[in-house]
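Peer 1: What follows is the residue order along each chain.
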Amino acid sequence: DQQVKQNSPSLSVQEGRISILNCDYTNSMFDYFLWYKKYPAEGPTFLISISSIKDKNEDGRFTVFLNKSAKHLSLHIVPSQPGDSAVYFCAAGGTSYGKLTFGQGTILTVHP
Amino acid sequence: GAGVSQSPSNKVTEKGKDVELRCDPISGHTALYWYRQRLGQGLEFLIYFQGNSAPDKSGLPSDRFSAERTGESVSTLTIQRTQQEDSAVYLCASRLSRGGLGNEQFFGPGTRLTVL
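In order, the protein sequences belong to chains A and H. Take the first sequence: its letter number 12 is residue 12 in the working numbering, and every next letter is one higher. Take the second sequence: its letter number 33 is residue 33 in the working numbering, and every next letter is one higher.
Be careful, since some hints might not be right.
Stated by the list, open to error - Label-pair distances were calculated between CB atoms; the ranges are: (1) H:T13 with A:E15: 37 to 45 Å; (2) A:M29 with H:S97: 15 to 23 Å; (3) H:S97 with A:H72: 27 to 35 Å; (4) A:S51 with H:P61: 43 to 51 Å; (5) H:G16 with A:K54: 44 to 52 Å; (6) H:K17 with A:H76: 43 to 51 Å; (7) A:S28 with H:E14: 43 to 51 Å; (8) A:I53 with H:E14: 46 to 54 Å; (9) H:E68 with A:I18: 40 to 48 Å; (10) A:P40 with H:Q83: 36 to 44 Å; (11) H:S53 with A:S28: 23 to 31 Å.
Stated by the list, open to error - Output of the computed footprint for chain H on chain A, the stretches with three or more beta carbons under 8 Å from beta carbons of chain H: (12) 12–19; (13) 73–87.
Said to hold, decoys possible - Only pairs whose alpha carbons sit at most 27 Å apart, straight line, appear in this in silico BS3-like list of lysine-lysine: (14) A:K37 with A:K54; (15) H:K57 with A:K38; (16) H:K15 with A:K37; (17) A:K54 with A:K68; (18) A:K38 with A:K56; (19) A:K5 with A:K54; (20) H:K11 with A:K38; (21) A:K56 with A:K71; (22) H:K15 with H:K57; (23) A:K38 with A:K5; (24) A:K5 with H:K15; (25) H:K11 with H:K57; (26) H:K57 with A:K37; (27) A:K56 with A:K5; (28) A:K68 with A:K56.
FYI, nobody ran anything at the bench for these hints, they're computed from the structure. Note that CB positions come from ideal geometry on N, CA and C, so glycine has one too.
From just these sequences and the hints, can you work out the full model?
Peer 2: What follows is the structure in structure tokens.
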């Protein structure tokens with residue numbers, strides 16, 4: 001039972017263009033969401049988060065959008081840079097929970 | 001400051017042996033988590049510590065898996081009688097407090113376990 005799903009295993013984008021990574025969830029008890037970035041042989045690094053009371057959060061080149069009615073969130077990276085090439089995981093949690101539930105990840109490749 | 005550290009970085013063991021994985025969280029972080037990532041999959045929650053107690057150990061796959069934390073610091077994850085399906089990267093994360101947005105989890109580099 002996958003409560004957090006990233007349906008695109010990979011995404012390829014040209015440098016300077018927008019990257020859009022998508023994530024769907026099923027558990028309506030989740031009330032905050034995070035995006036992590038992971039390079040090979042390293043642990044995931046926190047990128048950006050959003051509370052369920054918001055529909056958008058922006059940090060520099062990264063923006064996360066949340067559509068609660070559709071149980072869908074997305075991460076926009078603009079402009080994309082070759083250094084953004086990594087695996088991106090979305091994760092969901094609840095304030096009374098300790099754990100995060102992760103999606104399977106999307107491999108982003110940004111071509112120069 | 002120092003991040004989350006894990007040791008060993010790589011561990012190769014024979015089926016049936018016991019292994020012990022170590023995590024040193026960020027100093028002052030009271031919450032500690034263990035996850036594992038099998039090849040091509042997402043992170044799978046194993047256990048959560050708040051201080052030295054484990055209020056959520058629902059992700060431990062079998063009674064061969066156990067974990068402890070002492071002194072609100074170091075944690076060890078022990079896998080007894082390892083099986084080939086235990087092969088994965090085991091990740092530890094720590095967090096400043098129990099919950100709430102803004103208290104994101106900080107991950108260590110992981111221990112890659114290979115069971116032959």
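Peer 1: Which of the stated hints cannot be reconciled with the structure, identified by number in ascending sequence?
Peer 2: 4, 10, 12, 13, 16 and 24
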